[in-house]
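Given the coordinates of chain A, work out where chain B should sit on it, guided by the hints.
Each chain is listed here by its residues.
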Amino acid sequence: MAGTDVQQSLVQRFSNPTRFMGWSGALLPWIGGLTALVIVAGLYAGLVLAPPDYQQGETVRIMFVHVPAAWLAMFTYLTVVISSIGFLVWRHPLADVSAKAAVPLGAVFTLLALVTGSLWGRPMWGTYWVWDARLTSVLILFFLYLGLMALRNALEDELLAGKLTAMLAIVGVIILPVIKFSVDWWATLHQPASVLRADGPTLHPTILWPLLVMAVGFSLLFMTMHLIAMRNEVRRRRILSLQRARASRPAVSAEAAGGTSTGGTGVGGPATLVER
Amino acid sequence: MLGDFSHEAFVALSYGVTALALGGLFVWLLVVGRARQRRIEALEAMREGRRGG
Numbered sequence: 001m002a003g004t005d006v007q008q009s010l011v012q013r014f015s016n017p018t019r020f021m022g023w024s025g026a027l028l029p030w031i032g033g034l035t036a037l038v039i040v041a042g043l044y045a046g047l048v049l050a051p052p053d054y055q056q057g058e059t060v061r062i063m064f065v066h067v068p069a070a071w072l073a074m075f076t077y078l079t080v081v082i083s084s085i086g087f088l089v090w091r092h093p094l095a096d097v098s099a100k101a102a103v104p105l106g107a108v109f110t111l112l113a114l115v116t117g118s119l120w121g122r123p124m125w126g127t128y129w130v131w132d133a134r135l136t137s138v139l140i141l142f143f144l145y146l147g148l149m150a151l152r153n154a155l156e157d158e159l160l161a162g163k164l165t166a167m168l169a170i171v172g173v174i175i176l177p178v179i180k181f182s183v184d185w186w187a188t189l190h191q192p193a194s195v196l197r198a199d200g201p202t203l204h205p206t207i208l209w210p211l212l213v214m215a216v217g218f219s220l221l222f223m224t225m226h227l228i229a230m231r232n233e234v235r236r237r238r239i240l241s242l243q244r245a246r247a248s249r250p251a252v253s254a255e256a257a258g259g260t261s262t263g264g265t266g267v268g269g270p271a272t273l274v275e276r
Numbered sequence: 001m002l003g004d005f006s007h008e009a010f011v012a013l014s015y016g017v018t019a020l021a022l023g024g025l026f027v028w029l030l031v032v033g034r035a036r037q038r039r040i041e042a043l044e045a046m047r048e049g050r051r052g053g
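Residue numbers (this note's numbering), protein chains in the order written: chain A, 1 to 276; chain B, 1 to 53.
Simulated from the structure, these hints should not be mistaken for laboratory data.
Just so it is clear, CB atoms sit at the ideal spot from N, CA and C, and this is done for glycine as well.
Heads up, a few of these hints could be off.
Reference listing, derived: stretches of chain A covered by chain B, where coverage requires no fewer than 3 residues with Cβ under 8 Å from a Cβ of chain B [unchecked claim]:
#	segment
1	60-68
2	97-111
3	116-127
4	220-230
Simulated DEER-style distance windows between Cβ atoms [stated by the list, open to error]:
#	chain 1	residue 1	chain 2	residue 2	range
5	A	57	B	44	53 to 63 Å
6	A	164	B	12	34 to 44 Å
7	B	12	A	181	55 to 65 Å
8	A	29	B	45	25 to 35 Å
9	B	27	A	202	33 to 43 Å
10	A	49	B	34	29 to 39 Å
11	B	44	A	128	43 to 53 Å
Chain A on its own, in the form it takes in the complex (with noise of 0.2 Å):
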């Protein structure tokens, strides 16, 4: 119980909006930096120490882009749903700003997952796209990532716009597994699993470690531009409140219109986080 105690009392500590500037700030220049060289050591062994593969010589190297974007496309709804359970279930608005901020970014990199799938398609399937269940199924998580963005921007209340978002998220978490099993129920001309199965990677290790690495420095640039995205959130909703208090100034007297700010670099409480 006590140990229950200690997590829920460090996840609020951190999860708090004024803390959260704070050492997100502190953390983006380090995370952002490792982002880089992690980066550059995959696209280093990737495009230089990886040999071609001898039956799809170098178009190969567009694995090390492609599957990547297709895990993040995947790892990222996964970030949206887990959010939206603790904006639902704890009503934690920084759990909110996670899942909004993580949404646009998930749709680029499902995107990328499809047009980089779509370059490789062609000189490999002789076709840019087919109607197959892996590459249908991305592309429902695209609309997916489309329709979250679309039905929270539709609503003024930003408060009910959260919770359908995040019911919306969680309902559309199906998609997961039917993206991942696609290759297995159905016959697809996409190639069935390769890292990610119960005996093995079956990919040769001079092929397998650049995509790893690669893999290590999408999911790193995901984390910064999470911060990043989470960050402008909530100073969208501090910008927000300050206009509601200085509108809401000439009704009221100077002192009490102070009183109705949320001050300091704080960015107000649960409800000045989620409320327009």
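Coordinates of chain B only, in the frame set by chain A:
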């Protein structure tokens, strides 16, 4: 026609599109963050000005 490109061209195109998309997104996030921070500072300065006045 795009289908007539060499294998190397498809690789270059894939890496180019990826760099453009992720690099563009990263820069856009930084620009938006900076603009919002400036707006917060301006609003807070106005609020302090009113309090002081």
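Going down the list of hints, with the structure as the test:
1. 60-68: Result for this restraint: holds, n = 4.
2. 97-111: holds (count 4)
3. 116-127: holds (count 5)
4. 220-230: holds (count 5)
5. A:57 x B:44: 53 to 63 Å: Between residue 57 (chain A) and residue 44 (chain B), where Cβ atoms are some 58 Å apart, the hint holds.
6. A:164 x B:12: 34 to 44 Å: 42 Å, holds
7. B:12 x A:181: 55 to 65 Å: Between residue 12 (chain B) and residue 181 (chain A), where Cβ atoms are some 33 Å apart, the hint is violated.
8. A:29 x B:45: 25 to 35 Å: Check passed, 26 Å falls within 25 to 35 Å.
9. B:27 x A:202: 33 to 43 Å: Holds, since residue 27 (chain B) and residue 202 (chain A) (Cβ atoms, about 38 Å apart) stay within the stated range.
10. A:49 x B:34: 29 to 39 Å: 37 Å, holds
11. B:44 x A:128: 43 to 53 Å: Cβ of residue 44 (chain B) to Cβ of residue 128 (chain A): about 51 Å, so the range 43 to 53 Å holds.
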